[in-house]
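A.B. asks: The listed protein sequences derive, respectively, from chains A and B. Mapped onto this note's numbering, the consecutive letters of the first sequence carry residue numbers 41 to 331. Mapped onto this note's numbering, the consecutive letters of the second sequence carry residue numbers 458 to 885.
Mixed in with the good hints there might be a few duds.
Listed next, the in silico BS3-like pairs over lysine-lysine satisfying Cα-Cα at most 25 angstroms (straight line) [stated by the list, open to error]: (1) B/Lys873 / A/Lys293; (2) B/Lys535 / A/Lys292; (3) A/Lys110 / B/Lys862; (4) B/Lys638 / B/Lys627; (5) B/Lys535 / B/Lys503; (6) A/Lys293 / B/Lys855; (7) A/Lys81 / B/Lys595; (8) A/Lys293 / B/Lys535; (9) B/Lys855 / A/Lys292.
Hints listed in this document are in silico derivations from the structure and should not be mistaken for laboratory results. Keep in mind it's a predicted model, so treat the numbers as computed, not measured.
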Amino acid sequence: MRRSRSAWAFVAPAALHLLVFAVVPIVYAFVVSLFDWRILKGTMPFVGFGKYQEVLQDPPFWNAMLNSAKFAALSVPAGMAVALLVAMPLASQLKGMGLFRTLYYIPAISSMVAVSMLWIYMFLPGNGLINATTSLFGVKSVDFLNETGWAMPALAFMSVWTGLGPRMIIYVAGLLGVPPSLYEAAELDGAGAWSRFWNVTWPMLAPTNVFVLVTGTITAFQLFTPVYMMTKGGPLDSTDVVGYHVFVEAWKKFHVSTASAQSFLLLVVVGSVALVQYRMMRRQLEGYSAG
Amino acid sequence: MTRRQALAWMTAAATLPLGCRASDDGRTVIRVANWGGAGDDSDYFKMVRSLYDRYSDHDPTSRVRVELVPGSQEYVSKLLLDHIAGAMPDVVTIDASSAAVFIDNGLLADLTPFAESDPTFDLDGFFPNVVDIARRGKGLFAVPIDFTPMVLYCNARHFREAGVPLPEGKWSHAEFLEKAKALTTADRFGFEFANWMPGWVTFLWNHGADVLSPDGARASGFLDSEKSIEAIGFVADLVSKHKVSPSLSQTAAAGVDYFATGRASMKVVGHWFLVGLAASQEVDLEDVVVVELPTELDRSETVMYEAGLGIGGSCKHPQKAWEFIKYWTGHGVQSKYNTSGIAVSARKDVEEAKLADKTLSPRAVERNRAFQRIVPSARPPWGSRVEGYDRVEDNCQKAMDAVLKNGVPVKEAFAKAARDIDLEFSRR
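Looking at chain A on its own, in the form it has when it is part of the complex (with noise of 0.2 angstroms):
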């Protein structure tokens, strides 16, 4: 009854925590999301499942949800590839590894607004340091942000570097984890740097690579300081992701009942897409759990 207590009073700050800025919050978003609130008049009439119907029919709403799919397909593989390729070397015990894990982690503890005004530099046309250095090579100069092909790999790309840190670190502890007697025995059965790689490394990742890809991609569905500060969404759209756009409802045309449906409407299909990643994940991790 004692530790049943002190377990309590453990949890209690977490939980209340969790009570009032989580679950209060969405369940009230929930409640928002059956009337049609205007705010600014000060009427709420109930209208049950309308917004999601208004919603459910909305091109803009759901060329935002491609948007941001189209991010996630974009910066979730290239992100787990790159992080994988940097913790590879740094999952080793070589002298000095630590001091460049805390340099790749540093992004990720960066203020994304700085990080955002930083990268506008980056991509600018001209004088821009990737254009700047790409002319050098003949290559003509593009206007990364403002071009509607351009716009989105843009984010992705910067994306990839400001995601770079918190995967690493994921990766390393995943590979520190596999069990070096797992290498010995390949390396006796003759296996190269590549098999190794291919029998032993990815299988055993396979908890990690789910891990990162579901949160990844959840991640990526949360979208929202880069567009805010780089693209407001343009050009023509093209960078108006979900998050952004159930802001623009909510805090620009101050239609919060929409944005609540629409909110709501995102759960379910980042929840969905979770679910499937990680039933098509699974197979490979019941083999993990044999192997």
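Starting from the known structure of chain A, arrange chain B on it as the hints suggest.
C.D. replies: Just chain B now, with coordinates in the frame of chain A:
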């Protein structure tokens, strides 16, 4: 650390923010909202700050607390949220292009009782059509500070060099195109098109077209009308067909203002542009001439962007707020404030004094006269009458982007914009 000590630390940490309240010196704090960034240390901002600070000399029982919000759209959102939270500032700086959302939702107090009962205040001293921007019937919801019509700036040196006469009085779109072509050379453009709706909407107006129906209720039938499509097509052709203006990618790659760097001969912009031009190394301010926009109508039309001061609807001490508005819109402060050159003063006496100023060059006086000639025919922006007009501008901007960046036909792009605007209006 004992459990008691830990509890004491946690209690102290939790109650720390309560100790951060500003000390109360007995004076009334007047909260004034304005645009601006926290790190702004420009000469203009320093001057504005000093005028705010001097308010305590004017009224020792009050002090001003300025609440700055960077970005015009963020400013509107922030103030609307303040209103929802019941924390609207006492005095609110209102931009005409977003005034409707404040006035029509009852966020501002009617200033008529103050203006009519105060013998020290004279509304007749202001330009009447500038005052009318914040009127609704007999109600007055803001006292104007300053304004700027959109005008056409010309570089007289370029005109001289090309042997092209400067436009005088009323002139047509065809004459404008002719001059722009004659001024365009290998290293200079006749016109600098700004891909920004306030910079091109006046081409519609001066072609007898408009963005919205006269009641501001819909865009279809207006933005997508034959006349509008012709006008927008004319503007787009300046860039893509006649090439008398830099393309969007050329502008982006240059990263500088073409007119201010002497690489364009004409540009549509407001009074504030003069502040930047004064610092230009490539353009002599004495070469800068202000003319009316070309038109197909009997009289050139332009838009008038204005800023004014209103009192928040939930203001606890409106009389104090009114005293501040009087101070800020009074002759003394406005004479000083207007030296920034950012806009035309809404006070007739300040503008008259400017014309009589012997220290100004003849060219500067001529420019001031040109601005004042335009005032009576300048229209308020749609945003002063139509709530959510910023969404109209967003949709039109997207349509113009589609035309200039993706080669979408003008008719198709603006028909879609009109439909999207109507859809947004139906959800208001």
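A.B. asks: For a C-alpha distance cap of 25 angstroms, please report whether B/Lys535 and B/Lys503 respect it.
C.D. replies: 23 angstroms, holds
A.B. asks: For the pair supplied as a hint, B/Lys535 and A/Lys292, confirm whether the alpha-carbon distance does not exceed 25 angstroms.
C.D. replies: 10 angstroms, holds
A.B. asks: Between the alpha carbons of A/Lys293 and B/Lys855, is the straight-line distance 25 angstroms or under?
C.D. replies: 17 angstroms, holds
A.B. asks: Would you check the hint for A/Lys81 and B/Lys595, treating anything up to 25 angstroms between C-alpha atoms as holding?
C.D. replies: Status holds; Cα separation ~22 angstroms.
A.B. asks: Would the hint linking B/Lys855 and A/Lys292 be met if the CA-CA limit is 25 angstroms?
C.D. replies: 17 angstroms, holds
A.B. asks: Between A/Lys110 and B/Lys862, does the CA-CA distance stay at or below 25 angstroms?
C.D. replies: 21 angstroms, holds
A.B. asks: Are the Cα atoms of B/Lys873 and A/Lys293 separated by 25 angstroms or less?
C.D. replies: Holds, at roughly 20 angstroms.
A.B. asks: Would you mind confirming whether the straight-line C-alpha gap from A/Lys293 to B/Lys535 stays at or under 25 angstroms?
C.D. replies: Measuring from Cα to Cα gives roughly 13 angstroms; hence the hint holds.
A.B. asks: Given the hinted pair B/Lys638 and B/Lys627, is their alpha-carbon gap at most 25 angstroms?
C.D. replies: 19 angstroms, holds
Against the hints set out earlier in the document, no violation occurs for any number.
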